[in-house]
Each structure stands twice: as C-alpha cells, then as structure tokens.
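Novice: Counting in the working numbering, the sequence shown runs from 1 upward without gaps.
Derived from the structure by calculation, the hints contain no laboratory data.
By construction, the Cβ of each residue, glycine as well, lies at the ideal position given by its N, Cα and C atoms.
Please note: incorrect hints may appear among the correct ones.
No more than 27 Å apart at the CA atoms, straight line, and that leaves these computed lysine-lysine pairs for BS3-like [claimed, not checked]:
(1) K484 x K517
(2) K517 x K539
(3) K436 x K402
(4) K732 x K484
(5) K436 x K363
(6) K517 x K340
(7) K539 x K576
(8) K676 x K732
(9) K152 x K237
(10) K363 x K437
(11) K437 x K402
(12) K517 x K363
(13) K307 x K340
(14) K517 x K546
(15) K539 x K484
(16) K437 x K517
(17) K237 x K307
(18) K546 x K732
(19) K484 x K546
(20) K363 x K307
(21) K363 x K340
(22) K736 x K546
(23) K340 x K402
(24) K576 x K484
Restraint-style ranges between C-beta atoms, simulated for each label pair [to be verified]:
(25) G444 x W283: 21 to 29 Å
(26) E673 x L701: 19 to 27 Å
(27) G523 x A440: 30 to 38 Å
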Amino acid sequence: MEAMIEDQKMEGDLPNTPPSSERATSSDRATSSDRTTHTVLTPYDSECDVACADSPASLPLAHEESYLNDFPIVTDAVRISPQYTVVTFARLSASSAAGPLTSHSLIFPRPGARQGNWPTRARDWLKPGRSGEGISIYSAIVSSEAGLRIQKYFFLNRLAFSTVSIQYLHETGEVGSQIEARHPGLFNVKEVLDNAVAVVRWEDLNPHIRVGDLSRYMRHIGQEVICRLSDAPFLTKAITSEDMHRRVALVRGRPSQAAAEPIYQAARELGLQLVVISEPGHWMQEDTEFNRSGREAFIEADMTEDKHIADRIAAAVRSYPYPISGIFTLSDNYFVAVAKAAQILGLPSNPVTAYETAVNKYKSRLLQDSPGRTALVGSESELRELLAEGHEPSSSGGSQPKFTPEFPVIVKPTRGWSSECVSKVNNVDDLFTAVKKATARHGGTAVIEPFFDGPEIDVNFVLLDGQILFWEIADEPPCGADLKTATVEDTFSPEAVMFPSRLPPDEQLIARDTLHKILVDLGFRTGVFHVEARMVNSKVQYESVKLPYEPPDSPDCVPRLPVYSRPRYTTQLVYKPEASIVGEPVCRLIEINARPPGFRVSVPAKMTYGVDYFAAHMLAAIGDRVRLEMLSRPFHYLGKTTHPGAQWWAQLVYITAPGNGTVVWPGGRSPWEHIKASNCELAEFTTLVVEYVRPGDRATLFTDGARTNVAHLLVVSDNSSLEAADRADKIKRAYKLHLVEDN
C-alpha cells in the first residue's frame, strides 16, 4: 500500500502576516515524486495510529513469537531514485543467535529524537529487553545498475544526526548470509541482501514494542530515508581509486584543535591525504595522536607576509616527495598568496585579482558604492585632511572624491576578520576614536563606509564554474553595535546565528542573485564562499516577541506544579507595518570571505543541511568536480522550514566571557555539565557543544577588539524557529562561567 509521509508540525508564518499560499501541504509533499512510494506489508492497517484492543497489533511482540516466526513483521520498500531502492525490514532476534544487544553506535541520533514523528515513549524502544532479545531493523540499498559503488563518506554524511542511530554499515559482500545466521528463515530476503551495495543495521528496539508502534517507527525510518537520501548521488562509477587517495595542502595551520578537527575529519573521510604548510613550531607540527590521525605530514615554511610569500609556499609544495593536487587556506590574510602559489604550480584556483578585491574591504565596498560615501584613511591626521572643506587627499597611493560622512557610519580595518575593531560611529568626535582603533590593530588603513540598517545575513555558496550547486542564508540577530543606543565602544561580535533564514522568500532570492553576481563578476568560479550582507528596506525587522508561559524547569527533571513567573521574551524577525516600508528591498554587501564560514558555523550548517563546507572546499582545491557535485546536495525536507534542505530550525549560541579572570569549575564540572545535570530538556535539544576554556585558563572580556567567546552551542527544534530561539535563550541564561577576578 502507499503510505503518505506523516505531516510535520510546520513553522508558522512570521507574526503580523496572513498565512502563505505558497506553502506545500502534506499531501503536496507526499505525492511530489515516486520516491515517496512505500510498500508496507503488515497484518493490519498501518495508517491507523491506535490498534484494536483484540488485534495482534495491541499485543507485545515478546508474547507473539509464533506470529513472528511465521510472518515478516514489516517490509518497507522506498524508491529513492531511478538508480536505487531502499528496502527496510524488521525481525525478532533470538537470544541464542543475537547475544546481548550492543549499546554503541557508529552514528548517534540527534538529541530530541523522541519528540519527533513517533510517540514520546519511543525512547524506551531503544532499551534492550531483560531477556537479551530485541527487534533488529535493517535497510538494504539495492541498485538498479551494475557496477555502481557506494561512496561511504557521502552515505554516512546523509544519515548523521538522524533521529535513529546506526549500529553497523555493511558496505558489500555476502551480507545476506551474515544476517541469515542471525535470523534463520528470514522471509526470502537473502538474495536481495547479497545484491545490495550497502546494508544498514539500525539500533535494535525493545522486544516489548507493540506491532502498531513498530509500524509507525518503520514508517518514520522510511520518511527519514526519503528526506536524507533523495537527490543524493552516493552511488557512482565515476570515482577512481586515484581520486580517493589524492593529496591536498592546507596553507597556514588552524588556531586550535577545535578548529582543526572538522578539517581533519573531512580529509580523512574523503580519502584525501592532508599536508599542512605552516611556520615552524605550530601545534599542528607536533607528533600527537590527534595530528597523526588527521594529516599525513607537516612542512615548515616562513609565513612572513611579504612579497615573496607565494614563492615560498610554492617551494614548500615542490619540496614534498609526493604529488600534491591542490592547495587552499582558511586564513584571510593568505588568500592572495595561496592563489599566486597555485598559479605558479599550475594547480586549480580562482583568479588572483578576485582575491585581491575580496580581501580589501575598501575595494569590495566600492562594488556597490556611490562616490563620496566611502573613504580610506591611514591615520587620524589623514582623516582631518579628508574632512577639511574642499580637500580631496589621496591615501595609499590613490585618489578619492570628497568625503561627506552620513552618520551613522562603520569604521573597520581594511584587512581584518571576525569583526575585530569594527565600530559604528554616530558623530565626528567618535570617528577619530574608531579610526585610531582600526588602524592600530593591523598597522594599516581603515575603511569608513555607510551603515546599512536592516537584518544582517550570512549567505553561503558552493560554486562550480560559476554555477550555484548549493546556497543557504543564516540570520544574525542584532548585536550590541546594532542598538540605537550603541556607542563607539560596542562591537559587532555575533551573539547568535539562526538556520535557516526567516527572511521573506523574495528577499532571500534578491540576496542570492545580488551576491552571486558580485562573486562571478569578480572572477570567482569554483569553491565555497561566505558572504556577509544586510537587507535594506526589508519587509521584516527584529522585535522582542513574548513567549508562551511555561513553568520554571525542575532541577531534577521531574514535573512539578506551575509557579507564576515574569513573561519571557526573545528577539525574532516580524513583518513591519505596511506604512513603515519605504522603497524596494535591496541587498547591500558587507564583505566577501572566499572560504567556508568558520568552524563554529560550518559544522552546524553541515548538521542542518547535510553539506560539508570544508570537504567541498578541499574538493574544489583539487579540481574534483564529480565529488564536489555529489557533496553539494542538501537534505530534502520539503515544507518543514523555509529551506527545503534543512532538517530542523537551529540557533547557534555564542557564550562570551563575563569578565576578566581565571577559569574555575565548581565541583569539577564544566558549565555545560552543570546544565546537563540540572536541565534534561535543554540538554536533549542541544546537538553540539564546544567549550574553549578549562580550569586555570585566563579569560578576558575582549580579544583583539571583539568580545571573547568561551563556548558555542547548537540548539534545535523540529517545530519552529521561535522554539529554537527560546531554547537558545534558556541555554544562554543557564550557562555560567565562573572566574576568579584579577586583582
């Protein structure tokens, strides 16, 4: 029978707006293609959520062994594409054959799975029975073409952070014989299994699960398979063993183990040998187990930023005894040098001129500017000359038109990153303070540019030959410098990032098309690009939204009687009153980063969409077009959020140092461990936690002109962005870093 995808509780329209007519209904999603066809063979109506009291479906499976031995419990065949079909089936494991159930998993389910598309008691389904028996669930990937091989990295990447965990992945071989030994007489699937290109064994279920619940669980697995494997060509003939064992060089080591780990992981899973080129004594040179597991070698090089740096990078590559197929960097100040070195070596790269414009914030600002609104200065004295009536001075060898600032303005270093020394200025006096701060940081020039009022967004692209393979937009809620009361001392350090964006769909397309055109016009063709922008004249704006009342969380996670508390609020995008909208929406560029977003954003984006930006960037660097296209296919959760590829609403939360001092952990537990112990619900919906400091470390309020981050966490919701933001606010309030203040 054909089973419809269960309807999701979808994100509502933005407040103050009528319901959208463009949203897909559950029926639309279910019948959009043949990949939603399910074949469910059960002795009852699997669409019925409640089994009859006297039917076999209402009895525990452990009491129905004769029934189980004679009848296939559930078989679910899902046609994903013309290339392959996924067959999922379940069987009771005999204790003598199966032995005790294992608790380890290759891929863990995301927290909060029990709140998804099956009953909340599903968390009990994963507990082994006392008798040592359980329900085993398998999915076989059956190819319709000969000669196709599975790309394990892409396949596992699609299934990571699913609502169901995986125990084993059998890639090839006589899998049917292995499973037949575990489940004798398994209803004639041995031939199917032996011809499968891969077989997944999901987490075993409690044998006391009811048949009706099992059917709903199986339908849930089918839905997950559809959403995660649709349009994902992880079966291919085109990839050779040579492709799987090429070398790529990372120029300039990463600043920390947390920043390096996703690079190491991506290279390892792609089968690439990673070589690191950096200055002597860098921590990635150390002979540690972590470094040995992630890189093949470390090449010492003088990384001084002078006119010979590109030649030294090229020489370092040539000095390696094995061929290197591509080079890349994630450090903004080495983009131009690495592009020049690639040109010298004849390796894949975008034009040097494109990088020269992207890294220079004055040049990139002029891509969308009108004369006289942006200025370049090298000192306070130069600023005085620039502001003198009728004077048109030159800076750094170039002339510029008369500058008339229209406050507020932004002042930032011409070359910089991570919002370091970026200030919003409201008057001439503060302008000198901001210029002094910006020029002192990198010893160079400062850009003075207009402040564009509107929602700030991060737009990420994966390009191949100038064409978009994947794109997505994330929202950055207002930070300290965005406030109307902000002073020159406030910073643009991000406080949170929301995936996916809640901008109106037409404004998202405007942002995509505007920024894509800028990238292509500059000469960028292939790679991953992280572009920051603002939507001017947007139909939406950030406002404080009152949240529904909830009783305070119980420290021991046991429900208790409601206690009245003050209303809670969170910041959300809402539609403006029509009378306040002036002009058409316009996307204004802030800056171009010709690289993936930092690891704090790239890893959550991978978890949300299934696209690994670091892996894509490395494949672009070596010119691996086939795998770059394969990797750039997102999930297919049509209608669940504003982006068809997002599996959830997620908010990335930055935790900043509360002051200056030495870190202490009361009771020997980190702040996150305290949250886990006191608030089970928040911990359950937090899928990623990275804490940067340990006891004895010194934390400061500011680092290099920006707020110091001490941790970041990713909080998710299947229901709405408002719920994700609410949970993120709770996490931020609950996270307490204790410092012993400096004397």
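Novice: It remains to establish, for every hint, whether it holds in the given structure.
Specialist: Hint by hint, here is what the structure shows:
1. K484 x K517: Answer violated: K484 to K517 is near 32 Å, above 27 Å.
2. K517 x K539: 23 Å, holds
3. K436 x K402: Holds, because 21 Å separates the two Cα atoms, which is no more than 27 Å.
4. K732 x K484: Holds: K732 and K484 sit about 23 Å apart, inside 27 Å.
5. K436 x K363: 21 Å, holds
6. K517 x K340: 24 Å, holds
7. K539 x K576: Cα-Cα ~6 Å, so holds.
8. K676 x K732: 13 Å, holds
9. K152 x K237: The hint holds at about 14 Å.
10. K363 x K437: The hint holds at about 21 Å.
11. K437 x K402: Holds - the C-alpha atoms of K402 and K437 are around 23 Å apart, at most 27 Å.
12. K517 x K363: 16 Å, holds
13. K307 x K340: Satisfied, since the Cα-Cα distance of roughly 11 Å is no more than 27 Å.
14. K517 x K546: 39 Å, violated
15. K539 x K484: Holds: K539 and K484 sit about 19 Å apart, inside 27 Å.
16. K437 x K517: 33 Å, violated
17. K237 x K307: 44 Å, violated
18. K546 x K732: 17 Å, holds
19. K484 x K546: 21 Å, holds
20. K363 x K307: 20 Å, holds
21. K363 x K340: Within the cut-off at roughly 19 Å; holds.
22. K736 x K546: Holds, because 24 Å separates the two Cα atoms, which is no more than 27 Å.
23. K340 x K402: Status violated; Cα separation ~35 Å.
24. K576 x K484: Roughly 18 Å between the alpha carbons, so the hint for K576 and K484 holds.
25. G444 x W283: 21 to 29 Å: 27 Å, holds
26. E673 x L701: 19 to 27 Å: 24 Å, holds
27. G523 x A440: 30 to 38 Å: For A440 against G523, whose Cβ atoms are near 33 Å apart, the range 30 to 38 Å holds.
In this structure, the hints that do not hold are numbers 1, 14, 16, 17, 23, in rising order.
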